[in-house]
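Quick note: the sequence shown uses numbering that gives the first Met the number 0, first residue 0, plus one each step.
It is possible that part of the hints are untrue.
[Stated by the list, open to error] Using 20 Å as the maximum straight-line C-alpha spacing, the simulated EDC-like pairs for lysine to aspartate or glutamate come out as follows: (1) K202 <-> E138; (2) K92 <-> D82; (3) K202 <-> D228; (4) K202 <-> E249; (5) K202 <-> D153.
[Said to hold, decoys possible] What follows is a list of derived Cβ distance ranges for each label pair: (6) S51 <-> D104: 18 to 28 Å; (7) A108 <-> D206: 42 to 52 Å; (8) R150 <-> S229: 41 to 51 Å; (9) P115 <-> M29: 37 to 47 Å; (10) R57 <-> S281: 46 to 56 Å.
FYI, nobody ran anything at the bench for these hints, they're computed from the structure. All C-beta atoms in this analysis are idealised placements derived from N, C-alpha and C, irrespective of residue type, glycine included.
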Amino acid sequence: MEADLPALDADAVVPVFFLSDSTGISAETMGNALLIQFPDVHFERTLIPFISSVEEARAVVAQLDEAMTGPVTPLVFTTAAVDEVREELLRTKAPIIDFFGIHMDRVEAQLGTRGPREARRLHGVGDVRRYNSRMAAIEFAIEHDDGLSPRGLDRADVVLLAPSRCGKTPTAMYLALQHGLFVANYPLVDEDLETTDLPRPVKDLRDRCFGLTTTVARLSRVRQERRPDSRYASEDQCRYELRRATAMYERHSLPTVDTSAASVEEIAAVVIQTLARQRRSSEGQPTGRRPPSGHDLRRGRTPRP
0 MEADLPALDA DAVVPVFFLS DSTGISAETM GNALLIQFPD VHFERTLIPF ISSVEEARAV
60 VAQLDEAMTG PVTPLVFTTA AVDEVREELL RTKAPIIDFF GIHMDRVEAQ LGTRGPREAR
120 RLHGVGDVRR YNSRMAAIEF AIEHDDGLSP RGLDRADVVL LAPSRCGKTP TAMYLALQHG
180 LFVANYPLVD EDLETTDLPR PVKDLRDRCF GLTTTVARLS RVRQERRPDS RYASEDQCRY
240 ELRRATAMYE RHSLPTVDTS AASVEEIAAV VIQTLARQRR SSEGQPTGRR PPSGHDLRRG
300 RTPRP
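All chains should be modelled from the sequences, with the hints used to inform the complete structure.
The structure is reproduced here in structure tokens:
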């Protein structure tokens with residue numbers, strides 16, 4: 000099969016279009032999940048969201064057909080949910096990967112009922128309660144970013160502990176936006192690291208704490224970008240903080256995640272997986288598979304009543 004594929008010039012740039020009648024997040028996520036398998040290919044990505052009418056779809060088709068006249072055939076991914084919009088997009092001369100069309104018919108056949116095929120439902124806006132919950136989670140994450148406020152910490156589903164620049168803020172925001180979790184993040188500073196006790200604001204929240212760590216080299220490199228040639232960015236300081244933080248995590252048997260080579264999506268997935276496993280464990284259900292290698296997830300969080 001591979002021998003029949005046309006060779007792509009090493010310097011070629013492949014135009015990629017992500018189309019949606021909503022935000023385009025799903026089209027980008029699923030499309031990029033495929034594109035990441037081709038690390039040596041150069042892509043030029045274009046997002047076209049909120050294609051809400053047949054007329055707008057026709058304008059997009061004209062843009063795609065124009066791209067077909069270029070030196071490299073474009074890739075097109077769509078998650079358009081509205082039938083009329085999707086059918087118009089499929090008129091393009093460009094090869095198009097229709098995620099919604101591929102899967103929706105099969106899901107409807109399995110369920111024995113037809114979905115409403117409304118664009119807004121694709122990202123949960125149709126579920127007002129879930130949407131409002133996610134917005135409240137984002138507000139909570141902002142209020143409790145980097146230990147800004149101890150108020151309402153007992154409402155947190157997750158508390159991320161780590162020295163500065165280990166990935167606490169992006170992980171907290173992602174968990175809030177994508178999963179509606181109330182996440183606080185607390186920076187471990189020199190004063191906290193003098194002892195292995197949990198910092199006072201979170202000492203009663205051990206069952207909700209996750210420790211983040213990284214490598215000395217990566218932490219030093221990230222800090223150099225913020226404060227070049229400072230003690231804060233030195234490898235000695237980074238090594239000290241990471242060693243002391245690890246001692247704290249180990250003393251309290253906190254689940255930990257190494258963020259040095261993990262994306263925020265992967266870090267969040269480990270947190271979600273851990274929470275789910277801990278709930279099953281607390282309910283006396285089978286815990287399932289062992290945690291992925293490279294992560295220390297030895298202890299679980301007990302869900303709040």
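Hints and how they fare:
no., hint, result
1, K202 <-> E138, "23 Å, violated"
2, K92 <-> D82, "19 Å, holds"
3, K202 <-> D228, "34 Å, violated"
4, K202 <-> E249, "15 Å, holds"
5, K202 <-> D153, "11 Å, holds"
6, S51 <-> D104: 18 to 28 Å, "23 Å, holds"
7, A108 <-> D206: 42 to 52 Å, "44 Å, holds"
8, R150 <-> S229: 41 to 51 Å, "31 Å, violated"
9, P115 <-> M29: 37 to 47 Å, "21 Å, violated"
10, R57 <-> S281: 46 to 56 Å, "55 Å, holds"
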